[in-house]
Structures are given as C-alpha cells and as structure tokens.
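Start from the sequences and build out the full structure, keeping to the hints where you can.
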Amino acid sequence: MSKYQVGDRVTVRDAPTMFHTRTQAFTRGRTGVVVEHRPEWVIPEDEAWGRDNGRTERFYVVRFNQRDLWADYTGSDSDTLESEFSERWLMPAKEETK
Amino acid sequence: MSRTHDHAPIQESEEISEFEVLETAIRELSISHGLFSAEDHRRFTEWAESIGPAGGSRLVAKAWVDPEFKERLLADGTEACKEVGIDWNNPTGEGTPSDYTFFYVLENTPKVHNVIVCTLCSCYPRPVLGHSPAWYRTPNYRRRMVRRPREVLAEFGLYLPPDVEVRVHDSNQKSRFMVMPMRPEGTEGWSEEQLAAIVTRDTMIGVAVPKVDWTASSAPSEALSSPSRGH
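Chains D and Z, in that order, are what the protein sequence lines are.
Counting the first sequence from 1 gives a position; our numbering is that position plus 614.
Counting the second sequence from 1 gives a position; our numbering is that position plus 547.
Hints in this document: simulated from the structure, not taken from any laboratory.
Please note that a few of the clues may not be correct.
As the list claims (entries may be wrong) - Pairwise CB distance ranges, derived in the manner of DEER restraints:
no., chain 1, residue 1, chain 2, residue 2, range
1, D, Gly621, Z, Tyr706, 25 to 35 Å
2, D, Ala639, Z, Pro708, 23 to 33 Å
3, D, Arg665, Z, His588, 24 to 34 Å
4, D, Met615, Z, Arg589, 27 to 37 Å
5, Z, Val568, D, Arg665, 21 to 31 Å
6, D, Phe633, Z, His588, 43 to 53 Å
What the hints assert, rightly or not - Footprint (simulated), chain D over chain Z, 3 or more residues, beta carbon under 8 Å:
no., stretch
7, 576-587
8, 673-685
9, 691-697
Just so you know, even glycine gets a beta-carbon here, dropped at the ideal spot from N, CA and C.
Right, here's the structure in full:
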C-alpha cells in the first residue's frame, strides 16, 4: 500500500515551490530514512486554499542525519532531525549524500 | 522635538501584521452578525490563554508510574489523553480547538534526547501544553534549533554528552509532539502529583530535563533555599 516502507532511504524532491507546501527548503534534495508511517491527510497544497476536502496523501516521517543537512554541523555524528513529508515530495534515494 | 529630523518618526507600537488585521476583521464581523458576543470572545480568550502545561505534566507523571498507560500514550497519544481529561477534538476545559488531531509523545532514553521546534511557524501541542512560550515562536529559536541544537540547548543550560543523540522534531505538518523526559533519580516513591510538579513546560519541549529540586511553581530563589522534596 505505502510506496515507501520503514527503513527505505528517500530523497526529498527539490521541486519548484508554488505557494504553500510545508516542505522546508533545508530538506530539499536531502536524503534520509523513513522511520514511521502517518495516516493520510489533505496535502497542504490544497488545504492552504481552504480545500479541506482536497487531495489526501500518505505522509511519512523521515529522519535525517544532521550532517547530511548541514555541511558545517557542529554537533555529534549521531544527531538527527525528523520531519513529515507527503508522498509526492519523496523519491527513492539514488545515491547516498555525504 | 528637533527641527532637523530627517527620518520617519519612531513608532511606539509595533506594526500590526496582516494576520492580526484579518483576525480583527473576522472577529468584528462575527460579533456584528451575532455569531458570538464580545463578552463570549473575551471569556474564551481569557480561558484559552490561561491553559498551561499542567495537562502534559499529568500525562508524563502518570506514564512514569503506570507502564501500561505509558504504552498506550506512546501508541496513541490523542486516545491516551482522554484518560486525563484532554480531548484533542473537543475542548473540554483543557484543550483548545485546533485543526490538528495527531499527537505523538516522544520518549527520551539514555541514548536519545528529543526536542521540538516548528521552523514554519509556531506549531505547538496546545491542548497539553497551553500557549507556546514567546521564545518558541521567535525566528531565532526556529532557525537555530534545527541547525545548531546543541548550542541552543546549552543556552538553556542543558549540556548533553556527545554520545547522546539529539533528535530534533520539526513539526512542519499536522502532527504535534511532546517530549516525555526521563524520570530522574531520587524520585522513588513519589506520588503522581509530586512527580507532575517537576515535569515543567521546558522539559516537555525538550530544552530542559526534570530536576528533583526544581518546579516551575516556586521562584528560583525559593527553590534554592527549600529542602529537597519529601519521599
């Protein structure tokens, strides 16, 4: 059912931003791992326009290693950041970003 | 006043945002059309702004003493909240109405320290923690917590060893999060009520950890001089 399974490595699309997406710029093009599934809900691209019955989509929790987000990260190697993404914003990771 | 001023006069009040204008317009229209009265609005605002983090403190304290409740809380946050009288969908004296219904509790462990932030705005688990502190909504906290979390935590007085993973949760979508701190040593045999007192707001945001000699209800000077809590 879900396109991505827990443990899959995924990359956040660096797609053009049209209005409201809730997909942060600092995650675009970054690769992380799916750690949880979320229920389907209305995507922000529709909800932002008051379309509460707009398109629903699966959401995923993606965990990034901080070093994959910030080249100059000053904390520990093990530090991470988690956030949620709709399926349309994710694609299978092609190569590991270092 | 000098006659040589060549700059715009300094305003006393901050500029009003578009959202504030929108809120005022909708509120005035609602009142003029009889949807609610100004007194209804005032009473609701007074109540909403008085909600503190007591609900969250009760959740954590109950989870610390009741492993089965803890399991339920971690498995289904919104459902478990009902056991302490917090209904995320229908405010019943503890919650606030909101457009979100997904609530997840993040358990701290000796190896993982969780902390919450919303880089997009100020998303916050209001039904359990009340209104967010002013600093939580500042661009300073929002920008830096995702990028330099250990530095920000250090500014709050929290230094974590390098082998503890700092896990930042950016609540950018519909889910809301609350941190479940670890129960500190020295609290054996404490009642739920005693435990709840040390689970302060900041410990559930993740910028602090509970201390046996510190509660938010006593002034810092009092806490320093008072004897440690009874066992």
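Each hint tested on the structure:
1. For Gly621(D) and Tyr706(Z), the Cβ-Cβ distance of about 32 Å falls inside the hinted range of 25 to 35 Å, so the restraint holds.
2. Here the CB-CB span from Ala639(D) to Pro708(Z) is close to 31 Å, well matched to the stated 23 to 33 Å.
3. Against the hinted window of 24 to 34 Å, the Cβ-Cβ separation of Arg665(D) and His588(Z) comes to about 28 Å, which satisfies the hint.
4. A hinted range of 27 to 37 Å is violated for the C-beta pair Met615(D) and Arg589(Z), which are about 48 Å apart.
5. For the pair Val568(Z) and Arg665(D), the supplied restraint of 21 to 31 Å holds, since their beta-carbon distance comes to about 24 Å.
6. Here the CB-CB span from Phe633(D) to His588(Z) is close to 31 Å, at odds with the stated 43 to 53 Å.
7. With a threshold of 8 Å between beta carbons, the proposed coverage of the stretch 576-587 of chain Z by chain D is violated, since 0 of its residues qualify and at least three are required.
8. With 0 residues bearing a CB less than 8 Å from a CB of chain D, the stretch 673-685 of chain Z misses the requirement of three and the coverage assertion fails.
9. Remark: the stretch 691-697 of chain Z is confirmed as covered by chain D, as 5 of its residues place a Cβ nearer than 8 Å to a Cβ of that chain, reaching the required three.
Of the numbered hints given earlier, the model fails hints 4, 6, 7 and 8; all others are met.
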